[in-house]
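Protein chains: 2
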Amino acid sequence: MCPKYEAAADILGKKWTGRIIRVLLGGPKRFKEIKEQIPEMSDKMLTDRMKELESQNIINRNVYPEMPVRIEYDLTDKGRELQPVIESIQKWGEEWM
Amino acid sequence: MCPKYEAAADILGKKWTGRIIRVLLGGPKRFKEIKEQIPEMSDKMLTDRMKELESQNIINRNVYPEMPVRIEYDLTDKGRELQPVIESIQKWGEEWM
Numbered sequence: 001m002c003p004k005y006e007a008a009a010d011i012l013g014k015k016w017t018g019r020i021i022r023v024l025l026g027g028p029k030r031f032k033e034i035k036e037q038i039p040e041m042s043d044k045m046l047t048d049r050m051k052e053l054e055s056q057n058i059i060n061r062n063v064y065p066e067m068p069v070r071i072e073y074d075l076t077d078k079g080r081e082l083q084p085v086i087e088s089i090q091k092w093g094e095e096w097m
Numbered sequence: 001m002c003p004k005y006e007a008a009a010d011i012l013g014k015k016w017t018g019r020i021i022r023v024l025l026g027g028p029k030r031f032k033e034i035k036e037q038i039p040e041m042s043d044k045m046l047t048d049r050m051k052e053l054e055s056q057n058i059i060n061r062n063v064y065p066e067m068p069v070r071i072e073y074d075l076t077d078k079g080r081e082l083q084p085v086i087e088s089i090q091k092w093g094e095e096w097m
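So the protein lines, in turn, are chains A and B. For the first sequence, the residue numbers in this note's numbering are 1 to 97. For the second sequence, the residue numbers in this note's numbering are 1 to 97.
Read the hints as simulated data drawn from the structure, not as lab findings. Predicted model, so just to flag it, every value in this text is computed and none were measured. One should not assume that every hint holds.
Said to hold, decoys possible - Below, computed lysine to aspartate or glutamate pairings styled on EDC-like, alpha-carbon distance capped at 16 Å: (1) A:14 / B:74; (2) B:35 / B:81; (3) B:91 / A:95; (4) B:78 / A:95; (5) A:91 / B:81; (6) B:78 / A:6; (7) A:91 / B:87; (8) A:91 / B:95; (9) A:14 / B:81; (10) A:4 / B:74; (11) B:91 / A:87; (12) A:78 / B:95; (13) B:4 / A:87; (14) B:4 / A:95; (15) B:32 / B:74.
Unchecked claim - Only some residues are given here: those of chain A computed to face chain B with a beta carbon under 8 Å: (16) 9; (17) 13; (18) 15; (19) 36; (20) 39; (21) 84; (22) 88; (23) 89; (24) 94.
Just so it is clear, CB atoms sit at the ideal spot from N, CA and C, and this is done for glycine as well.
Build the full structure now, drawing on both the sequences and the hints.
Structure follows, in structure tokens:
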């Protein structure tokens, strides 16, 4: 078992990460739209997590030069491929926790 | 997505947990045998993780009243069913990290 497992498990184990990814599996969203689906999370926490996920290349931050500027977040391929992983964690959690 | 997901992801995200479970998927082991397979981990860290996993009912601690006493650790059903979860994390990690 290599350090890549630990690195992946570390990302998934962070609070809110799973939920943010799940929300984005539904398609691109603005910050406010993600927030609305996870109302218990603070703005600061969401900002921190989004920056982290962006630096890990799990989400993209797309800026559309409209007036006013529109910013949307979307999953990368790397992020989208977390779907079966998150589902397997969820399935185990529902059965055993 | 319910708190059960967060609880499950929290367990899986802790350093060494995945490796300990992987070692025990190979069958019951003594403390020393687990340690030999994860030499980078300190005794204290392994002790702490084992206690945690025991309290979460993921591993059993079996005491055999021999001379000297033999103590072995084994996965419970709850622990064994983490196998596909750990494999999916590993697969993603190997591909993307």
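Here is how each hint holds up against the structure:
With a C-alpha separation of about 27 Å, the suggested pair residue 14 of chain A and residue 74 of chain B falls outside the 16 Å cut-off, and the hint is violated. Pair hint residue 35 of chain B plus residue 81 of chain B does not hold up; C-alpha atoms about 23 Å apart against a cutoff of 16 Å. Distance restraint check for residue 91 of chain B and residue 95 of chain A: the Cα-Cα separation of roughly 22 Å exceeds the 16 Å cut-off, and the hinted pair is therefore not satisfied. Restraint check for residue 78 of chain B and residue 95 of chain A: the C-alpha separation of about 9 Å stays at or below 16 Å, so the hint holds.
Of the pairs offered as hints, the one joining residue 91 of chain A and residue 81 of chain B holds, with about 10 Å between alpha carbons and a cut-off of 16 Å not exceeded. In summary, the hint linking residue 78 of chain B to residue 6 of chain A is not supported, as the alpha carbons are separated by about 21 Å, beyond the 16 Å threshold. With a CA separation close to 14 Å, the supplied pair residue 91 of chain A and residue 87 of chain B stays within the 16 Å bound. For the given pair, residue 91 of chain A sits about 22 Å from residue 95 of chain B by alpha-carbon distance, which is inconsistent with the 16 Å threshold.
Under the criterion of a C-alpha separation no larger than 16 Å, the hint pairing residue 14 of chain A with residue 81 of chain B is inconsistent with the structure, at around 22 Å. Annotation: proposed proximity of residue 4 of chain A to residue 74 of chain B is violated, straight-line Cα distance about 25 Å (limit 16 Å). This hinted pair checks out: residue 91 of chain B and residue 87 of chain A have alpha carbons roughly 14 Å apart, not beyond 16 Å. A distance of roughly 9 Å separates the Cα atoms of residue 78 of chain A and residue 95 of chain B; the hinted pair therefore holds under the 16 Å criterion.
Taking the CA atoms of residue 4 of chain B and residue 87 of chain A, the gap is about 12 Å. The hint holds against a cut of 16 Å. Under the criterion of a C-alpha separation no larger than 16 Å, the hint pairing residue 4 of chain B with residue 95 of chain A is consistent with the structure, at around 9 Å. Taken as a hint, the residue 32 of chain B and residue 74 of chain B pair is honoured in the structure, with Cα atoms around 14 Å apart against an allowance of 16 Å. With 8 Å as the threshold, the beta carbon of residue 9 of chain A comes within range of chain B, its nearest partner Cβ sitting at about 5 Å, so the hint holds.
A hinted interface residue such as residue 13 of chain A counts as satisfied when its beta carbon comes closer than 8 Å to some beta carbon of chain B; here the least separation is about 1 Å, so the hint holds. A least Cβ separation of about 6 Å between residue 15 of chain A and chain B falls short of the 8 Å threshold, and the interface hint therefore holds. Because the beta carbon of residue 36 of chain A sits about 15 Å from the nearest beta carbon in chain B, more than 8 Å, this interface hint is broken. Interface restraint check: residue 39 of chain A against chain B, minimum CB-CB distance 13 Å, threshold 8 Å, status violated.
Satisfaction of the interface hint for residue 84 of chain A is found here, the shortest Cβ-Cβ separation to chain B being roughly 6 Å, below the 8 Å cut-off. Below 8 Å, beta-carbon pairs count as interface contacts, and residue 88 of chain A has one with chain B at about 5 Å; its hint therefore holds. Of the supplied interface hints, the one on residue 89 of chain A holds, with its beta-carbon coming within about 5 Å of a beta-carbon of chain B, less than 8 Å. Residue-level restraint check for residue 94 of chain A holds (minimum Cβ-Cβ distance to chain B is 6 Å; threshold 8 Å).
In terms of the numbered hints stated before, the structure departs from hints 1, 2, 3, 6, 8, 9, 10, 19, 20, listed from lowest to highest.
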